[in-house]
Amino acid sequence: MADTIRTLITGVDQLSPTLATIRNNVKGLETSLGTIEVGKAVTDNA
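In our numbering, the protein residues as written are 1 to 46.
Hints may contain errors.
Here are the simulated DMTMM-like cross-link-like pairs (lysine to aspartate or glutamate), alpha carbons at most 25 Å apart as the crow flies [unchecked claim]:
#: 1; residue 1: K27; residue 2: D13
#: 2; residue 1: K27; residue 2: E37
#: 3; residue 1: K40; residue 2: E30
What follows is a list of derived Cβ distance ranges for each label pair [to be verified]:
#: 4; residue 1: L15; residue 2: E37; range: 27 to 35 Å
#: 5; residue 1: T7; residue 2: K27; range: 36 to 44 Å
#: 6; residue 1: D3; residue 2: K40; range: 50 to 58 Å
#: 7; residue 1: D3; residue 2: K27; range: 51 to 59 Å
#: 8; residue 1: T18; residue 2: V38; range: 25 to 33 Å
#: 9; residue 1: D44; residue 2: I5; range: 51 to 59 Å
#: 10; residue 1: L8; residue 2: G28; range: 24 to 32 Å
No wet-lab data here; the hints were simulated from the structure. Where is the CB? At the ideal position from N, CA and C, for every residue including glycine.
The task is simple: from the sequences and hints, build the whole structure.
Right, here's the structure in full:
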């Protein structure tokens, strides 16, 4: 049981930096898509 918990904790520790990077990439993509939508709205109404 202790080995299983240790293995799970190790896995989470190893994945955390990767998940943080993915989270930042998604946030950047959302920002970019929002900018595109705003730009599209401006050009469509011009």
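Cross-check of the supplied hints:
1. K27 to D13: 22 Å, holds
2. K27 to E37: The given pair, whose Cα atoms are some 15 Å apart, holds under the 25 Å limit.
3. K40 to E30: Measuring from Cα to Cα gives roughly 15 Å; hence the hint holds.
4. L15 to E37: 27 to 35 Å: About 32 Å separates the Cβ atoms of L15 and E37, which means 27 to 35 Å holds.
5. T7 to K27: 36 to 44 Å: 30 Å, violated
6. D3 to K40: 50 to 58 Å: 54 Å, holds
7. D3 to K27: 51 to 59 Å: This hint is violated: roughly 36 Å between Cβ atoms.
8. T18 to V38: 25 to 33 Å: Distance hint for T18, V38 holds at roughly 31 Å.
9. D44 to I5: 51 to 59 Å: 55 Å, holds
10. L8 to G28: 24 to 32 Å: Since L8 and G28 have Cβ atoms about 30 Å apart, the given range 24 to 32 Å holds.
In the structure shown, a violation is registered for the earlier hints numbered 5, 7, in ascending order.
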